[in-house]
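Read top to bottom, the protein sequences are chains A and B.
The first sequence maps to residues 1 to 155 in UniProt numbering.
The second sequence maps to residues 1 to 785 in UniProt numbering.
By construction, these hints were calculated from the structure, which means they are not laboratory data.
These numbers come from a predicted model, not from an experiment.
Among the hints, erroneous ones may be present.
[Unchecked claim] In silico lysine-lysine, BS3-like type, Cα no more than 25 Å apart, as pairs:
| # | chain 1 | residue 1 | chain 2 | residue 2 |
| --- | --- | --- | --- | --- |
| 1 | A | LYS11 | B | LYS22 |
| 2 | B | LYS22 | B | LYS448 |
| 3 | B | LYS22 | A | LYS83 |
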Amino acid sequence: MPTVSMAVNGKDVSGEVEGRTLLVEFIRKNLRLTGTHVGCDTSQCGACVVHVNGRSVKSCTMLAVEAEGATVTTLEGLVKDGKMHPMQEAFRDQHGLQCGFCTPGMVMSTIDLLRVNPDPSEAEIRDWLEGNICRCTGYHNIVKAVQQVASGDAA
Amino acid sequence: MNDMLVGKPLKRKEDQRLLTGKGRYVDDIRRPGETYAVFVRSPIAHGIIKSIDKEAALAAPGVLGVFTGKDIQRDEWGSIPCGWVVTDRQGEPHKAVPHYALTPDRARYVGDHLAVVVAETYEQARDGAELVEIEFEELEPVVTLAMAMEGEQIHDLAPQNLCYDWELGSRAEIDAIFETAHHVTSLDLVNNRLVPNAMEPRAAIAEYDSGLDSYTLWSTSQNPHMLRWMLSGSVTGIPETKIRVIAPDVGGGFGMKIYCYPEETTCLWLSKVIDRPVRWTGDRSESFLADTHARDHLTTVDLAMDKDGTFLGMKIDTTANMGAYLSNYATSIPTYFYATLFAGCYKTPVIYSNVRAVFTNTSPVDAYRGAGRPEAAYLIERVVDVAAREMGMDPIDIRRRNFIKPEDFPYQTPVILTYDIGDYDASLDEALRMIDYDGFPARREEAKARGKLRGIGLACYIEACGVAPSQLIGKMGAGAGLWESGQIRFNATGTAFVLTGTHGHGQGHETTFGQIVADMFGIPIEDVELIHGDTSQVPMGMGTYGSRSLAVGGSAIVRAGEKVIEKGRKIAAHMLEASVIDIEFEQGLFSVTGTNKSVTIKEVAERAYVPLDYPEGLEPGLDETAFYDPGNFTYPAGTHICEVEIDPRTGVLEIVDWVAVDDFGTVINPMIVEGQIHGGLAQGIGQAIMENGVYDPESGQLITGSFMDYCMPRADDLPSFRVGYTCTPCTHNPLGAKGAGEAGCIAAPPTLINAIVNALDIRHIDMPATGEKLWRIARDKIAAQ
Numbered sequence: 001m002p003t004v005s006m007a008v009n010g011k012d013v014s015g016e017v018e019g020r021t022l023l024v025e026f027i028r029k030n031l032r033l034t035g036t037h038v039g040c041d042t043s044q045c046g047a048c049v050v051h052v053n054g055r056s057v058k059s060c061t062m063l064a065v066e067a068e069g070a071t072v073t074t075l076e077g078l079v080k081d082g083k084m085h086p087m088q089e090a091f092r093d094q095h096g097l098q099c100g101f102c103t104p105g106m107v108m109s110t111i112d113l114l115r116v117n118p119d120p121s122e123a124e125i126r127d128w129l130e131g132n133i134c135r136c137t138g139y140h141n142i143v144k145a146v147q148q149v150a151s152g153d154a155a
Numbered sequence: 001m002n003d004m005l006v007g008k009p010l011k012r013k014e015d016q017r018l019l020t021g022k023g024r025y026v027d028d029i030r031r032p033g034e035t036y037a038v039f040v041r042s043p044i045a046h047g048i049i050k051s052i053d054k055e056a057a058l059a060a061p062g063v064l065g066v067f068t069g070k071d072i073q074r075d076e077w078g079s080i081p082c083g084w085v086v087t088d089r090q091g092e093p094h095k096a097v098p099h100y101a102l103t104p105d106r107a108r109y110v111g112d113h114l115a116v117v118v119a120e121t122y123e124q125a126r127d128g129a130e131l132v133e134i135e136f137e138e139l140e141p142v143v144t145l146a147m148a149m150e151g152e153q154i155h156d157l158a159p160q161n162l163c164y165d166w167e168l169g170s171r172a173e174i175d176a177i178f179e180t181a182h183h184v185t186s187l188d189l190v191n192n193r194l195v196p197n198a199m200e201p202r203a204a205i206a207e208y209d210s211g212l213d214s215y216t217l218w219s220t221s222q223n224p225h226m227l228r229w230m231l232s233g234s235v236t237g238i239p240e241t242k243i244r245v246i247a248p249d250v251g252g253g254f255g256m257k258i259y260c261y262p263e264e265t266t267c268l269w270l271s272k273v274i275d276r277p278v279r280w281t282g283d284r285s286e287s288f289l290a291d292t293h294a295r296d297h298l299t300t301v302d303l304a305m306d307k308d309g310t311f312l313g314m315k316i317d318t319t320a321n322m323g324a325y326l327s328n329y330a331t332s333i334p335t336y337f338y339a340t341l342f343a344g345c346y347k348t349p350v351i352y353s354n355v356r357a358v359f360t361n362t363s364p365v366d367a368y369r370g371a372g373r374p375e376a377a378y379l380i381e382r383v384v385d386v387a388a389r390e391m392g393m394d395p396i397d398i399r400r401r402n403f404i405k406p407e408d409f410p411y412q413t414p415v416i417l418t419y420d421i422g423d424y425d426a427s428l429d430e431a432l433r434m435i436d437y438d439g440f441p442a443r444r445e446e447a448k449a450r451g452k453l454r455g456i457g458l459a460c461y462i463e464a465c466g467v468a469p470s471q472l473i474g475k476m477g478a479g480a481g482l483w484e485s486g487q488i489r490f491n492a493t494g495t496a497f498v499l500t501g502t503h504g505h506g507q508g509h510e511t512t513f514g515q516i517v518a519d520m521f522g523i524p525i526e527d528v529e530l531i532h533g534d535t536s537q538v539p540m541g542m543g544t545y546g547s548r549s550l551a552v553g554g555s556a557i558v559r560a561g562e563k564v565i566e567k568g569r570k571i572a573a574h575m576l577e578a579s580v581i582d583i584e585f586e587q588g589l590f591s592v593t594g595t596n597k598s599v600t601i602k603e604v605a606e607r608a609y610v611p612l613d614y615p616e617g618l619e620p621g622l623d624e625t626a627f628y629d630p631g632n633f634t635y636p637a638g639t640h641i642c643e644v645e646i647d648p649r650t651g652v653l654e655i656v657d658w659v660a661v662d663d664f665g666t667v668i669n670p671m672i673v674e675g676q677i678h679g680g681l682a683q684g685i686g687q688a689i690m691e692n693g694v695y696d697p698e699s700g701q702l703i704t705g706s707f708m709d710y711c712m713p714r715a716d717d718l719p720s721f722r723v724g725y726t727c728t729p730c731t732h733n734p735l736g737a738k739g740a741g742e743a744g745c746i747a748a749p750p751t752l753i754n755a756i757v758n759a760l761d762i763r764h765i766d767m768p769a770t771g772e773k774l775w776r777i778a779r780d781k782i783a784a785q
């Protein structure tokens, strides 16, 4: 089996994988980082979004071997010195999560939205979230969470 | 002294772990020596199993075993039960067709469970499952509701594929009313099939301990105790003392995770056979195929009125889909959670319903958010709207004319239920104010100038929540009571565990119940820890569904708290050298009436566990349990109004405003309640304009079997919502709470369809009112002009 190496949440990791192993499986099974979720099998739901080299990627759309040498950040990696990322804080402030299953992808995806568009309109936020499905919140409070971070206001 | 927390939008206790990847869902759990199960599912909708060839799979790398329904039957495991007996028009019980974990004889829907492969790794199990060869004698599938009773018989027990033919009310009485009516509005309705699609797919891990001869089952369950009860009492014969069910963090349920399913049942069996832990995690394709589906009715409703638009009687004829087998509560949904709501908010004096439930070669159908009540609200609020149109009345006026008024409560409906309290005019007034109803004609004109068709629609819904008063549902055929347990266990240092038989899977129970208990005892919410979802820790409970957790589970916790206070008064009396009748309790302080002598709950808790100087008869400990059985359902109600704009050139629909005014009684955490409304609205809007579970009528293949084919609402399909409240506290539970989980998806479909028909100036459109349908209607109207 091929060996793959990458930096995940600031740590160099490597592991043996099958050629068909997806990045999300490597993250969940090999690294035991279970904050990244699998909600579908057609790359539609976005629960598995992580950052690969700084950009949001559905980790079910990449083979683990394709991430060789990459820098990967998962939801767990956003916490610095015990402090949550402002987007994580905003999701809590605005009640942007209920069951929490889509949440990893929502947080990782919306952080990337603000990287490319620091001041999005409501329509732009909703458009960006096309690739992330939530069944609990109706998206209303997720949109508010992104607006909170974009505006720089705490709740 | 604490600030009171009830009524405040406290941030949720559960969010820290869920936001940092530290949640613990079933698929996150690993057990030493675990193995993987993958199911071999039927590729055809209907056929007799002629042979199952395991050889190639057994020879594949890593495969530990291949098993079929006949293997499980050798251990005499029984059928997965349906726990609600519906009695038909002839007084006969519904056809209780068998439902085995692995079907031993016949495939009855695409996705039916034929065999299971267990292997060292998931990949090996999946590869092995591909190698299982099954020969069928194919039978004609029964797919559409309309043809179900004429099709090939699916179960030996059920001629004409009829599960029951049930009625409520008197046909002779309703016929007499219709003969004298000034006008009858008649409407044919489709209530489209939905796939619940909680974001976390179902999963299970079963582990057998041969030393203790006992099982542990981790399951994505909304009600672990009922799952244990069914597995023990109906399916396996294993004592409840030997089965522990754990439902950890669960990623949404919406009713679909209430039930005992074939997969977890099979895993339980396998765990002893393999004698290693066996895990199964469904993928989304399996969710589509084999999770319970929902709704799926064909209905004709007739509403009789006098010349002023006063309702005289309503007649409902429904064919409801049960799917291929009976899920645990399937029979009750299109009967006692549907026809008992047909009064709606109105004083319709006579109501007659006839429901035929039929089997088809499709996934089993059972409760999904709202469960019968969205179907009821949809038909009432649609037929009332069409009646207003036909009578030349304003849709507001016809509703007000027929509303049950505040002075009419308690109100005995003609359909079993007695509403305790409500104020429907108040919700309607507030919603009209919020949306600026009078300004609508100007907004419509302005939209017209932009080439858009603007419409407005409303629905005044009611639902029965706080499921459920045991005696009443017993008369309806329920096989279990729907009380709830609550336990408050103070520790010696003054912190408290709260144990509940309900289960939170997104509703924020840790926070809401924490607020109640913190207020009750004047302790910080950080000192209150909720324990739920583990049958070995929590007293017997009935789980979470039917907007019951707060109204029933919360009430049980309050009752347990009252017992703790009573016990605490005895301890305080001893500590303060006073008599018990002189001890008052308020804000965490036990004090002697008329003095400044007091002890805190923390001091009492410590002394409860350090009874070194206790007098005779005073019992140590501060840990009390209560069981609460509600005296009635609760009746949340409200008015939703929305405005839409349709582009007639493209059929694109935009929801431009949505006002939700709900009466949930007492609200503990308004932030959480608003979140429940938003989420319910998204699901209801999904049903109205997007979602549709479609099987190919010829082959019975599920056409909408993925997120690429089944249209889930996404962020850019939905608006932001405006939420308002009115409040008439529930009269019969200690919190005054009614429940808020299902309102959005009950109110949304009629609200939105009423707005769409208003925009297009048409009589009716069936759900889902997709862009294509809207475009065709708009095109035809333009062509006709």
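The hints, checked one at a time:
1. LYS11/A / LYS22/B: Satisfied, since the Cα-Cα distance of roughly 18 Å is no more than 25 Å.
2. LYS22/B / LYS448/B: 52 Å, violated
3. LYS22/B / LYS83/A: 14 Å, holds
When held up to the earlier numbered hints, the structure conflicts with hint 2 and nothing else.
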